[in-house]
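Top line first, the protein sequences correspond to chains S and C. To convert, count from 1 in the first sequence and add 33; that's my numbering. To convert, count from 1 in the second sequence and add 33; that's my numbering.
Heads up, a few of these hints could be off.
Copies of one chain are not kept apart here, so a pair can be met inside one copy or by any two copies together.
[What the hints assert, rightly or not] Lysine-lysine pairs mimicking DSS-like chemistry, simulated, CA-CA at most 25 Å apart:
hint, residue 1, residue 2
1, 336, 404
2, 387, 95
3, 200, 290
4, 86, 193
5, 200, 336
6, 193, 290
7, 86, 266
8, 266, 193
9, 359, 134
10, 383, 372
Everything labelled a hint here was simulated from the structure, so no lab data went into it.
The lines below spell out each chain.
2 protein chains.
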Amino acid sequence: MSIGMKILNCTPRALKRATACRLCRANPFPSFGARFKSGPYGYIQAKSLFFSKNGEPEDVLKLHTHSISPTLPPSSILVRALAAPINPADINTIQGTYGSKPTFTSLLGTPEPSIVPGNEGVFEVLSAADQSSTLQPGDWVIPAVSQIGTWRTHAVFGEKELLKIDKTGLTAIQAATVSVNPCSAYRILRNYGPSSGLKTGIPARPLELGSGEWFIQNGANSGVGRAAIQLAKLWGLRSINVIRERASDEETTALRKELQDLGADVVVTETEFLSREWRDQLASITRGGREQIGLGLNCVGGKSATAIARSLGQGATMVSYGGMSKQPVLLPVGLLIFKDIRFVGFWLSKWNEKDVVGRQHMINDILSMTKNGQLVDVPTKEISWEWETTEDTLRNAVQHGLDGFQKGKGLLVFGDT
Amino acid sequence: MSIGMKILNCTPRALKRATACRLCRANPFPSFGARFKSGPYGYIQAKSLFFSKNGEPEDVLKLHTHSISPTLPPSSILVRALAAPINPADINTIQGTYGSKPTFTSLLGTPEPSIVPGNEGVFEVLSAADQSSTLQPGDWVIPAVSQIGTWRTHAVFGEKELLKIDKTGLTAIQAATVSVNPCSAYRILRNYGPSSGLKTGIPARPLELGSGEWFIQNGANSGVGRAAIQLAKLWGLRSINVIRERASDEETTALRKELQDLGADVVVTETEFLSREWRDQLASITRGGREQIGLGLNCVGGKSATAIARSLGQGATMVSYGGMSKQPVLLPVGLLIFKDIRFVGFWLSKWNEKDVVGRQHMINDILSMTKNGQLVDVPTKEISWEWETTEDTLRNAVQHGLDGFQKGKGLLVFGDT
C-alpha cells in the first residue's frame, strides 16, 4: 500500500558494520535519535519484515535493510514505527489464507517482489512532503487503510493512508491496538441483532443499548471478546461468555474472575457449554426463554458455533468473525427455517472501506473510553525490535506471536531505531 | 385449527353398512350428492385422517368417521374437500419433526386427542353459519392459516380461517396446489437477493426483475424449484438448476429437457455440480464472474448446500427452505467473512402470518398466471379418496406420497363423498 518511493539498498559492508553506507552520512532528523544514518543525500536507514512467497512465517519471513530517500513524493508522509501487534489475520496473510491477498510489489527493493505484513500499528510522523499537510512531525498516526504493512521501522505512506489520532494521555500500545479488535467488537455490537418481527425475513435491528439485551460469544477471552464484554457493560447489554478450559482449574477460575471483573455477566467453559446441562442453565439465565438471546458472536466454528446458534432465540443473528478451530460452521436446517436464525460474517476491513467517517468516529470513541480508563488495556506479550534485533529473533517472535495468546497478544515494540 | 363444533360419532352398525346412522336420516344438502347421510337433526357424515401420537404415517395415521352437526357455530363455514396435496411438511408434522407442532385436541371426537394433518388443499363451501357471510355455497376456499387440517372429507372452519378464491377457469388440482410451493418460490425470488453495497452488513436487496440477474437452486425439479424456474422466466431473471441424476441417462435427459421447456436457463446434474469442472463451467456461465450470482435456494443441505454457497457471488444470500438430505448446512467460515454471504431460512407459514394482505395478492397473482397458462400444472400422483376408500389405502398412500416425488407429488382427490 505504500506509495512509490525511491529506495536504495545499502552496501553489504555498511550493513555488516551497522553504520552509515556511503550514501548515508548526515542525519536530516537529528531529534529522532542517532540511529538515523544519513549522508549528503539525507537517506534514512530502515528495516522491514517482508515475505516474497506465502508460507509459515518462520519459513518465508525475512528482514530487509534499506534506505529511504528524504525527498518525499508529493502528499506523502515519512513515519517511524512505535508499536505494531501480531494479529491472526497477519499470520493468515503471510500463509496466503486471508480473504484479501495484497499484491507482491517491487517497492521495497527486495530481490523478489514482496509484501510487508502487519495490518495494525501506530507511527510517529517524521516529516511531511507538503508544508501544508495536516500531519506534523511528532503526530501519531494509525493506518487508514488495510494491509498498509506496519512491521517496519520506517515507511513512506500517502497522507490519505494515515489517520491522525490525538495522542494525549495514550500509550503507544493503546494506540497500536485500537483499530482491529475493539473496533470489531464495537461494530458487531452496534450493528447486528435479532429480527424485530419486521415484514421481510432479512432485516434485523441492532441490540438496544441500555436494555440489558443478551448476546453470547465464544472465544470470549480473545481481544474482540474482551472488548465486547467491556463495551456491553458500558452500553447496558448483557453477555454470556464461553471460554476454553485452561491447563489447570486454578487458571480457569482466574480467567473466569478476570472476565467477570471486566464486566462479563455469565462465564461458562466450553465443556459446560457443550454438555447436556447447558440447556437448563441457559433456560435459567434467560428466565425460561422470557429473555431471548438476540445475537451470537462466533470466532471458533465447528461444534462451538453450532452450540452458539442453538442457544439463540427466535430471529436472532449469529455473526462469525473468525474461525480459530478451522472447522466449518455447521447449521441444522431447522435453526435456519423454523428458528429464523440468520448467519452472517463480519469483516472489519470491508466496513472500514464502506464507512470511512464512521470509522473515525468509532476510533475516537474507543480512544476516549481508553483514556477514561473505561477500557482496560489488552494483555500483550511485548517483543522488542531494536536496530540490532536479528531476522531470526523477529521471525521466531512472529511465528509464535499467537501462541498462548490468552496471556497476551504479540506486540512489536520499536526501539529508538 | 377448526373451531369448536358438536360432533357425534355414528354407531358402529351404521358405519359397517355405510348407510346413515340412527341420527342421520335426511339430507340437508341434497345438491351435494347422495353420500350426505343425514337425519332429522341434519347431521353430516364425514371422514378424517388423524393421528394421536407422532410417528411414521403408516404406524400412526388412522381414519375416523364422525358426524358434523348442521347447526354451525357463529361465523363458521361447513365445507367439503375437493383436493389436498401431500407435502413433505405434512409428513414431518405427523413424524413430529416439523417446526411448529399443532396441539392434539378433542375436537374431532377421537378416542384420544388428535390432529388432522394436511396444510394445503381446496374446499367447496356447503353452508355458512351467517346469512351475511361473504362465503356462499359453491364458493371455493383454501386455508388462510397454517395447519388447518385438510385431509378430511368435510370440516367446519371459522370464516377467517378460509380464503376465497375465484374458481373460474381453475381446476381443483390447480387450486389445491397454489398455496405452498408456488408461494414459496414467489416469496423467495421477490424478497431475497444480494447485498447491494449498503452501509451495514445485513440489508440485502431483492433480485431486480427484468435484469436477467442469476440465481442458483438445488432440488430444481421439486414443486418450489419448478415454480421458481417459471416465475424467473416470467420476471426476467435467470436460473441455474441443479437436479439429481435419474435412474437412467435417458430419464436425466428427459428431465433436463422438461425443466428447460419450463424456462430453465442452465440445468446441471448434482454429479456435474459437485465435480471440479463446475468452477470452470460456472465461470463460463457468469462470463468470468462479471455476472455474479446473487441468490441461492437450498432445499437439500449437506454438500449440495455448500456447493450452492460456493457458487454465489460477493454479498449474495442463500435461502434454505428445506433439508431433504437431512444433512446440516456446512459453511466454510471464509464464505461468511470474506465473501459476505448471508445464510437465512425461509418459512412460508411465518410469512403468511406476518403479511396476510400480501399473501392474498400473491395467491391471486399466481392463480391468474395459472389461468393464463403461464404456470404449468405441477405433476401429481392422484390418490382417489371415495367414501369407501379404506384406512389402509389412505395410510399407505400418505406413507408413499413423497416417493418418486419427481414424477409428481401425492394428491388426495376427493370423490363426491
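How the hints compare with the structure:
1. 336 / 404: neither (38 Å within a copy, 50 Å between copies)
2. 387 / 95: neither (33 Å within a copy, 60 Å between copies)
3. 200 / 290: Answer is neither: 32 Å inside a copy and 69 Å across each miss the 25 Å cutoff.
4. 86 / 193: So residue 86 and residue 193 fail the 25 Å test inside a copy (28 Å) and across (68 Å) alike.
5. 200 / 336: neither (42 Å within a copy, 51 Å between copies)
6. 193 / 290: neither (43 Å within a copy, 56 Å between copies)
7. 86 / 266: Answer is neither: 43 Å inside a copy and 47 Å across each miss the 25 Å cutoff.
8. 266 / 193: The answer is neither: 34 Å in one copy and 47 Å across copies each exceed 25 Å.
9. 359 / 134: Within one copy only: 19 Å inside a chain, 36 Å across chains, cut-off 25 Å.
10. 383 / 372: between (29 Å within a copy, 10 Å between copies)
Hints 1, 2, 3, 4, 5, 6, 7 and 8, counting from the list given before, are not met by this structure.
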